[in-house]
Amino acid sequence: MTDVDTGGPGTLVIKERVISRVAVAAALTVPDVVRQVGGMSRLTGRDLPRADVSVGEHSASVNLYIAVQWPSRISDVAHAVHDEVARALDEIVGLPLHRLNVVVAGTSPRSDAQSPISENTHPVLRPRPPTASPAAHYAAVVLAVALLGVAFVAGREFLIVHGTIVGAPWIANTVEWIADLHWATWMIAGAAGLISVGSILVGMGLTPRSKTHTGVRSPSSPSPMVWLRPTDVARMCSDHAGNVPGSESVRTTVTKKKVTVEVRRVASGDDAILTESVRDAVAPVLAVLADTRKVRVRLLHPSGVGETRS
Numbered sequence: 012m013t014d015v016d017t018g019g020p021g022t023l024v025i026k027e028r029v030i031s032r033v034a035v036a037a038a039l040t041v042p043d044v045v046r047q048v049g050g051m052s053r054l055t056g057r058d059l060p061r062a063d064v065s066v067g068e069h070s071a072s073v074n075l076y077i078a079v080q081w082p083s084r085i086s087d088v089a090h091a092v093h094d095e096v097a098r099a100l101d102e103i104v105g106l107p108l109h110r111l112n113v114v115v116a117g118t119s120p121r122s123d124a125q126s127p128i129s130e131n132t133h134p135v136l137r138p139r140p141p142t143a144s145p146a147a148h149y150a151a152v153v154l155a156v157a158l159l160g161v162a163f164v165a166g167r168e169f170l171i172v173h174g175t176i177v178g179a180p181w182i183a184n185t186v187e188w189i190a191d192l193h194w195a196t197w198m199i200a201g202a203a204g205l206i207s208v209g210s211i212l213v214g215m216g217l218t219p220r221s222k223t224h225t226g227v228r229s230p231s232s233p234s235p236m237v238w239l240r241p242t243d244v245a246r247m248c249s250d251h252a253g254n255v256p257g258s259e260s261v262r263t264t265v266t267k268k269k270v271t272v273e274v275r276r277v278a279s280g281d282d283a284i285l286t287e288s289v290r291d292a293v294a295p296v297l298a299v300l301a302d303t304r305k306v307r308v309r310l311l312h313p314s315g316v317g318e319t320r321s
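With this note's numbering, the residue at position 199 of the sequence shown is 210, and numbering never jumps.
Hints are not guaranteed to be accurate.
What the hints assert, rightly or not - Only pairs whose alpha carbons sit at most 25 Å apart, straight line, appear in this in silico BS3-like list of lysine-lysine:
(1) Lys-267 x Lys-305
(2) Lys-222 x Lys-267
(3) Lys-268 x Lys-305
(4) Lys-222 x Lys-268
(5) Lys-305 x Lys-222
Worth flagging that the hints you see were computed from the coordinates, not collected in a lab.
Turn these sequences into a full structure, and let the hints guide you.
Okay, structure coming up:
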């Protein structure tokens, strides 16, 4: 990975797998480049296209393995892939491409052999956004521990029956205790509790995963190539707003529908000018996001009195 100096407080860390995913997504926008995940690739996880990335101080080198439709003019496809990957890395990551080696590692027959060579016939797949862990994750862990407990009890009973160990059988005693039970009022509360727990578990199992990232758009691709956490967006906004003259410190909060930029100014002045300057500073960051958000700028004067501008 590489650290890019943003000119403000802190650094922006770009991991190699981010560059790899950007290169793969850019390659798929080229006509005649197809995704290939069948056969041994599905078992080994080495699907096509895939990229091996080496990041230097000011540039990146990529070995890109692709699958192309057959027949196709491979030299033209390689040049188009080079241009798209270079453009995507420069526009999205901000890192120039030093060298790109294109390796044609697979082919896929066209659905219509009479179609022109330059026609793109493969469907464009929209990537799935990153999501949080399922709501039933913790319930599954509890259930797994309970099943391990049942297995332990069953193994103990097996050893007692065969005389390997000596002890009171838990299962037999439990069955006898249940058989001797008679109706009691506490059973109503127990049944209601079990119904509530069962309903909660069913709801957790049916709850869809929540999105944890927001996509970044690119002029060369209709689908997001990079996904950012709200914290990443907030840091980028704070870094840009912190360069505005008159701002002493900046704190940004990002939600699914709103971006709040809280600016503590150095001295009193024209609030309208500072507010618009902050809006203009964070506009380039928010313009590339796939999800639009409302921007609010809150100014904190040296005295500590806050004023909100919508």
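Hinted pair, alpha-carbon criterion (25 Å max): Lys-222, Lys-268. Please report holds or violated.
holds, 13 Å
Does the alpha-carbon distance linking Lys-222 and Lys-267 stay inside the 25 Å limit?
holds, 10 Å
Within 25 Å, alpha carbon to alpha carbon, are Lys-305 and Lys-222?
holds, 19 Å
Lys-267 and Lys-305 were given as a pair; does the straight-line alpha-carbon distance stay at or below 25 Å?
holds, 10 Å
Below or equal to 25 Å on CA atoms is what counts here, so check Lys-268 against Lys-305.
Cα-Cα ~6 Å, so holds.
No hint from the list above goes unmet by this structure.
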